[in-house]
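Read in order, the letters of the sequence shown are residues 144 to 578 in my numbering.
These aren't lab readings, by the way, just hints derived from the structure by calculation.
Where is the CB? At the ideal position from N, CA and C, for every residue including glycine.
Wrong hints could be hidden among the right ones.
Claimed, not checked - Here are the in silico distance ranges between beta carbons for each label pair:
| # | residue 1 | residue 2 | range |
| --- | --- | --- | --- |
| 1 | S413 | I518 | 45 to 53 Å |
| 2 | V443 | V318 | 21 to 29 Å |
| 3 | A509 | Q377 | 51 to 59 Å |
| 4 | P545 | R172 | 33 to 41 Å |
| 5 | P461 | V318 | 46 to 54 Å |
| 6 | V443 | L319 | 25 to 33 Å |
| 7 | N242 | N382 | 18 to 26 Å |
| 8 | P364 | A509 | 53 to 61 Å |
As the list claims (entries may be wrong) - Calculated lysine-lysine pairs in the DSS-like style (CA-CA distance at most 27 Å, straight line):
| # | residue 1 | residue 2 |
| --- | --- | --- |
| 9 | K533 | K491 |
| 10 | K491 | K417 |
| 11 | K521 | K533 |
| 12 | K417 | K367 |
| 13 | K491 | K473 |
| 14 | K454 | K173 |
| 15 | K417 | K369 |
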Amino acid sequence: MALQPIAALAVDGPVLHEVVMNNAAHDERKWKILALTFNVAMQSGSPEAATQVLSRFADQQLDMIAVGFQEVQHLETFGAKMSTWANDFMDWFAANMPNMVVVARTYQATNQVFVLVDNTHLSEIRSVDYRYARNTMRGILGHKGSIGVRILLKGHGEAVAGGFVFVVSHFVHDVLQNERRILQYRNDETCSFPEDPFIWNRIWLGDLNFRNEIDPDGFEPFYKGKRLRELLDQHDQLNAARRRRLVFGDWSEAPINFPPSYRYYVGNHSYDLKRTPSWTDRVLSKGKLTVDEYDMIHEVQTSDHRPVFCKLKASVPPRAPVNWAVQFEKMPAWNDSVPVPVRFQYLKGWWSRFGSYWDWVGLYDASLTNVLLPIQWKYAVNCIVDPASKPLHSVCEFPVLPAGRYRFGYFSKKFQCLVGLSKGFIVAASRPSSR
144 MALQPIAALA VDGPVLHEVV MNNAAHDERK WKILALTFNV AMQSGSPEAA TQVLSRFADQ
204 QLDMIAVGFQ EVQHLETFGA KMSTWANDFM DWFAANMPNM VVVARTYQAT NQVFVLVDNT
264 HLSEIRSVDY RYARNTMRGI LGHKGSIGVR ILLKGHGEAV AGGFVFVVSH FVHDVLQNER
324 RILQYRNDET CSFPEDPFIW NRIWLGDLNF RNEIDPDGFE PFYKGKRLRE LLDQHDQLNA
384 ARRRRLVFGD WSEAPINFPP SYRYYVGNHS YDLKRTPSWT DRVLSKGKLT VDEYDMIHEV
444 QTSDHRPVFC KLKASVPPRA PVNWAVQFEK MPAWNDSVPV PVRFQYLKGW WSRFGSYWDW
504 VGLYDASLTN VLLPIQWKYA VNCIVDPASK PLHSVCEFPV LPAGRYRFGY FSKKFQCLVG
564 LSKGFIVAAS RPSSR
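Throw the hints in and build the complete structure from the sequences for me.
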């Protein structure tokens, strides 16, 4: 099917009132960021495969993680498979890095992305926005295309202090389609929110599909002679296009010290020389960032691609005081034989300005590893206002819960993030009757 870089869609959040940037270097903090891209080549995932990809990061302290997949099976995207790459990855993070919380997740055709932050940063998130650019069949489909995720951070009051953008892309394949890849980049650049001057850091990752312009037979002398740097300098299409400032003109890429990430035989470490091995999977960045590590995960044999990751340090604005828009009343210890009430109030007229009929109140396990997957939820408009409360509180009720630790959160449709989070509370097991 013909691919034309034509259509771009935007799904943006609300206009934000005030923007504050503090450029004083001594006020900035450093966040540790992991960006990982993996073209899974329509192969099925498993918990074992997720462990193989992620185990190297188990003991690392990270502030934010972005994971992008390409060529995910349609059955996974539409929920027809119990085990999926994204779920297996998120389950691994929940088990091995329980401080990391999923705050953004979306997909386009066979491409997926999700973002996690350390739970200490949850209250800093001002909003999450998504953008999509579709390039397959003249923009009708998004198998080749890009997804942008913007995460803005709070300043003081209702100000915005800065933020991050992650772009995950799958560009058109084939060594002869270099010009179309360049056009796709120009079309999809909208997903980096280029008009937003207050984004401090942008990271672009994915299967960009730029190839080595050399025959497969010509690759072997470079590979066996350990002349990969020479191969990159002389034959890599992305480097050549960047030198001509046709793509990623003001973006940076760390030096590549790993072998081509594509194309391998699935199940072993040998290159399939039907295609010239190439560095198709890349991570580029711009902003207040430094790269600590840029590498390929060699051990993974699940796909004809290898996962590629980049670890960065990013400057972020000073932390603002915790400023939830929705405040939950403290929940006492509860009993597992009684329905669970929740009481909350909107602060500073938040509902009248930003509330939506699509807002919901979620019940979470106290550990809270995924903002988007509460145990139960109710639309906020179905909650009842308690007229006797001063200030006014909204009240709703959840069914009886098994013994455990829980918390409530308020999810805003407009801002696509939590705008309120309760303290954890205990539901205790009932004592057996003495009769």
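Enumerated hints in conflict with the structure, sorted upward: Going through the list in order, the structure violates hints 7, 10 and respects the others.
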